[in-house]
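Protein chains in written order, with the UniProt record's numbering: chain A, 1 to 167; chain B, 1 to 126.
Any given hint might turn out to be false.
[Claimed, not checked] Calculated pairs, DSS-like style, for lysine-lysine (alpha carbon to alpha carbon, straight line, at most 30 Å):
| # | chain 1 | residue 1 | chain 2 | residue 2 |
| --- | --- | --- | --- | --- |
| 1 | B | 26 | A | 27 |
| 2 | A | 42 | B | 87 |
| 3 | A | 61 | B | 97 |
| 4 | B | 17 | A | 20 |
| 5 | B | 97 | A | 100 |
| 6 | B | 18 | A | 20 |
| 7 | B | 93 | A | 57 |
| 8 | A | 27 | B | 9 |
| 9 | A | 27 | B | 18 |
| 10 | A | 43 | B | 15 |
| 11 | B | 30 | A | 157 |
| 12 | A | 43 | B | 97 |
| 13 | B | 116 | A | 27 |
| 14 | B | 88 | A | 20 |
| 15 | A | 57 | A | 160 |
| 16 | B | 114 | A | 57 |
| 17 | A | 42 | B | 8 |
| 18 | B | 88 | B | 30 |
| 19 | B | 116 | A | 20 |
| 20 | B | 93 | A | 35 |
| 21 | A | 42 | B | 9 |
| 22 | B | 87 | A | 20 |
| 23 | A | 119 | B | 15 |
| 24 | B | 97 | A | 48 |
| 25 | A | 48 | B | 81 |
| 26 | A | 43 | B | 18 |
| 27 | A | 80 | B | 43 |
| 28 | B | 100 | A | 27 |
| 29 | B | 116 | A | 88 |
| 30 | A | 88 | A | 120 |
| 31 | A | 42 | B | 17 |
| 32 | B | 103 | A | 20 |
| 33 | A | 100 | B | 15 |
| 34 | A | 27 | B | 97 |
| 35 | B | 114 | A | 48 |
| 36 | B | 103 | A | 42 |
| 37 | A | 42 | B | 116 |
[Claimed, not checked] Taking CB as the label site, the calculated pair distances span:
| # | chain 1 | residue 1 | chain 2 | residue 2 | range |
| --- | --- | --- | --- | --- | --- |
| 38 | A | 34 | B | 46 | 53 to 61 Å |
| 39 | A | 109 | B | 85 | 50 to 58 Å |
| 40 | B | 97 | A | 27 | 46 to 54 Å |
Think of the hints as simulated: they come from the structure by calculation, not from any bench. Ideal Cβ placement from N, Cα and C applies to all residues, glycine included.
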Amino acid sequence: MRIEKCYFCSSPCYPGHGMKFVRNDSKQFRFCRAKCHRSFNKKRNPRKVAWTKAYRKTRGKEMSVDTTFEFEARRNRPVKYDRELMSKTIQGMQRVQEIKEAREVDFYKDRMKDAKGYKKAQAREEIANGLDLIQPAMSKNRVPEVMAKFEKNREKKANKRHDMEVN
Amino acid sequence: MGNGPKQKKPGARSKIKKYKRACLTKNRSKDLDQIQDEVIAAKASGDVTLSTLSSVEFDDDLPGGGQFFCWETSRHFPDLKSLTDHKKTREYKRRVKQIKEEKYDPDWAAGLTKEKLPPAHGDKKK
Numbered sequence: 001m002r003i004e005k006c007y008f009c010s011s012p013c014y015p016g017h018g019m020k021f022v023r024n025d026s027k028q029f030r031f032c033r034a035k036c037h038r039s040f041n042k043k044r045n046p047r048k049v050a051w052t053k054a055y056r057k058t059r060g061k062e063m064s065v066d067t068t069f070e071f072e073a074r075r076n077r078p079v080k081y082d083r084e085l086m087s088k089t090i091q092g093m094q095r096v097q098e099i100k101e102a103r104e105v106d107f108y109k110d111r112m113k114d115a116k117g118y119k120k121a122q123a124r125e126e127i128a129n130g131l132d133l134i135q136p137a138m139s140k141n142r143v144p145e146v147m148a149k150f151e152k153n154r155e156k157k158a159n160k161r162h163d164m165e166v167n
Numbered sequence: 001m002g003n004g005p006k007q008k009k010p011g012a013r014s015k016i017k018k019y020k021r022a023c024l025t026k027n028r029s030k031d032l033d034q035i036q037d038e039v040i041a042a043k044a045s046g047d048v049t050l051s052t053l054s055s056v057e058f059d060d061d062l063p064g065g066g067q068f069f070c071w072e073t074s075r076h077f078p079d080l081k082s083l084t085d086h087k088k089t090r091e092y093k094r095r096v097k098q099i100k101e102e103k104y105d106p107d108w109a110a111g112l113t114k115e116k117l118p119p120a121h122g123d124k125k126k
């Protein structure tokens with residue numbers, strides 16, 4: 001008995017949960033729930049469905065290369081029970097999990113380090129594009145660069161209108 | 001918005017025989033990974049034209065006697081014209097693109113690595 005991984009979303013399937021599909025070429029597919037099974041039957045690509053691990057890893061949203069992954073493997077050869085080895089393994093697993101979690105936090109921080117800037121830039125852009133909506137509430141001198149962009153946009157719009165009228 | 005009332009109730013097709021049959025497991029069409037495997041095997045055996053993927057022998061049970069087969073979508077066609085028409089469709093072109101993509105590896109997605117062990121019964125004869 002083992003905790004399998006869902007073929008579609010890669011979440012754990014505990015014994016007695018989910019379902020297994022055996023294709024006529026004897027390849028086995030384990031699914032954690034009906035949602036994953038249905039998606040598989042619809043022949044969706046797990047790398048293109050946003051809530052799967054495969055999607056997140058291909059887009060670089062999660063760690064995909066790390067040394068902590070090397071501990072978790074599909075082991076098909078049973079090991080003879082040894083009390084000491086067992087306790088050591090469990091301790092080791094806990095330690096590896098700690099390290100993995102810390103690295104995940106670092107990865108997230110690294111990924112998000114530019115996000116603030118991007119968001120600010122986006123907001124600036126939005127304001128510049130829709131300044132005519134909020135203009136009366138804005139003091140013109142406060143954000144000179146935004147005003148410059150706004151002027152440019154207005155000129156463009158005016159030119160377009162002019163062109164249309166000419167045509 | 002603005003699409004008007006629904007043309008059909010959801011699930012209305014579940015009782016139509018042809019749609020029902022298409023959903024059965026025994027009528028399951030080949031999955032993408034199966035076709036990708038076939039392509040890999042054909043290329044490994046040195047078959048550049050992938051001719052092993054198309055059936056040549058005449059079979060009465062198949063449409064067109066099994067002579068007009070599209071291996072990308074694994075479908076038989078009744079004649080050459082419908083096959084060439086099929087190869088112009090969006091569905092076919094999309095499939096060709098999908099086949100070229102890298103094969104999906106669920107172990108990679110789950111973060112599982114493969115255990116490397118010395119063979120258990122390898123050195124017995126020596």
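Do the hints match the structure? See the list:
A threshold of 30 Å between alpha carbons decides the hint, and for residue 26(B) with residue 27(A) the separation of about 15 Å falls inside it, so the pair holds. For the hint linking residue 42(A) to residue 87(B), the alpha-carbon distance of about 22 Å falls within 30 Å, and the restraint holds. Restraint check for residue 61(A) and residue 97(B): satisfied, since their Cα atoms lie roughly 25 Å apart, inside the 30 Å limit. Simply put, residue 17(B) and residue 20(A) have alpha-carbon atoms about 27 Å apart, close enough for the 30 Å limit, and the pair holds.
Taking the CA atoms of residue 97(B) and residue 100(A), the gap is near 36 Å; set against the 30 Å cutoff, the hint is violated. Straight-line distance between C-alpha atoms of residue 18(B) and residue 20(A) comes to about 26 Å, which keeps the hinted pair within the 30 Å bound. A threshold of 30 Å between alpha carbons decides the hint, and for residue 93(B) with residue 57(A) the separation of about 27 Å falls inside it, so the pair holds. With a C-alpha separation of about 36 Å, the suggested pairing of residue 27(A) with residue 9(B) is violated against the 30 Å cut-off.
Proposed proximity of residue 27(A) and residue 18(B) is supported: the alpha carbons are some 27 Å apart, at most 30 Å. Our distance criterion of 30 Å between C-alpha atoms is met by residue 43(A) and residue 15(B), whose separation comes to about 22 Å. Among the hinted pairs, residue 30(B) with residue 157(A) is inconsistent with the structure: their alpha-carbon atoms are about 54 Å apart, more than 30 Å. Annotation: proposed proximity of residue 43(A) to residue 97(B) holds, straight-line Cα distance about 15 Å (limit 30 Å).
The hinted pair formed by residue 116(B) and residue 27(A) meets the criterion: a straight-line CA distance of about 22 Å does not exceed 30 Å. A hinted pair counts as satisfied when its Cα atoms are at most 30 Å apart, and residue 88(B) with residue 20(A) does not qualify at roughly 37 Å. Restraint check for residue 57(A) and residue 160(A): the C-alpha separation of about 44 Å exceeds 30 Å, so the hint is violated. At most 30 Å may separate the alpha-carbon atoms for a hinted pair to count; residue 114(B) and residue 57(A) meet this at roughly 18 Å.
The suggested pairing of residue 42(A) with residue 8(B) holds, with an alpha-carbon distance near 20 Å, which does not exceed 30 Å. The straight-line distance between the Cα atoms of residue 88(B) and residue 30(B) is roughly 21 Å, inside the 30 Å bound, and the hint therefore holds. Only pairs whose Cα atoms come within 30 Å are accepted, and residue 116(B) paired with residue 20(A) is accepted, the gap being roughly 26 Å. For the suggested pair residue 93(B) and residue 35(A), the alpha carbons sit about 28 Å apart, so the restraint of at most 30 Å is met.
In summary, the hint linking residue 42(A) to residue 9(B) is supported, as the alpha carbons are separated by about 20 Å, within the 30 Å threshold. At most 30 Å may separate the alpha-carbon atoms for a hinted pair to count; residue 87(B) and residue 20(A) exceed this at roughly 35 Å. Proximity of residue 119(A) to residue 15(B) is assessed by CA-CA distance (about 50 Å); at most 30 Å being required, the pair is judged violated. As the CA atoms of residue 97(B) and residue 48(A) are separated by approximately 14 Å, the hinted pair is consistent with the 30 Å bound.
Between the alpha carbons of residue 48(A) and residue 81(B) the distance comes to roughly 34 Å, so the proposed pair goes past 30 Å and is violated. For the proposed pair residue 43(A) and residue 18(B), the alpha carbon gap of about 19 Å is at most 30 Å, so the pair holds. Distance restraint check for residue 80(A) and residue 43(B): the Cα-Cα separation of roughly 43 Å exceeds the 30 Å cut-off, and the hinted pair is therefore not satisfied. For the hint linking residue 100(B) to residue 27(A), the alpha-carbon distance of about 22 Å falls within 30 Å, and the restraint holds.
Restraint check for residue 116(B) and residue 88(A): satisfied, since their Cα atoms lie roughly 21 Å apart, inside the 30 Å limit. The hinted pair formed by residue 88(A) and residue 120(A) fails the criterion: a straight-line CA distance of about 49 Å is larger than 30 Å. Proximity of residue 42(A) to residue 17(B) is assessed by CA-CA distance (about 19 Å); at most 30 Å being required, the pair is judged to hold. Using a Cα cut-off of 30 Å, the hinted pair residue 103(B) and residue 20(A) holds, with the two alpha carbons roughly 21 Å apart.
For a cut-off of 30 Å, the pair hint linking residue 100(A) to residue 15(B) is broken: about 50 Å separates their Cα positions. Only pairs whose Cα atoms come within 30 Å are accepted, and residue 27(A) paired with residue 97(B) is accepted, the gap being roughly 24 Å. Between residue 114(B) and residue 48(A) the alpha-carbon distance is near 25 Å, which keeps this suggested pair within the 30 Å criterion. Of the supplied pair hints, the one linking residue 103(B) and residue 42(A) holds, its CA atoms being roughly 18 Å apart against a limit of 30 Å.
Only pairs whose Cα atoms come within 30 Å are accepted, and residue 42(A) paired with residue 116(B) is rejected, the gap being roughly 35 Å. For residue 34(A) and residue 46(B), the hinted distance range of 53 to 61 Å is not satisfied, since their beta carbons lie about 44 Å from each other. Take residue 109(A) and residue 85(B): their Cβ atoms lie about 54 Å apart, and the range 50 to 58 Å holds. For the hinted restraint 46 to 54 Å between residue 97(B) and residue 27(A), the CB-CB distance of approximately 23 Å leaves it violated.
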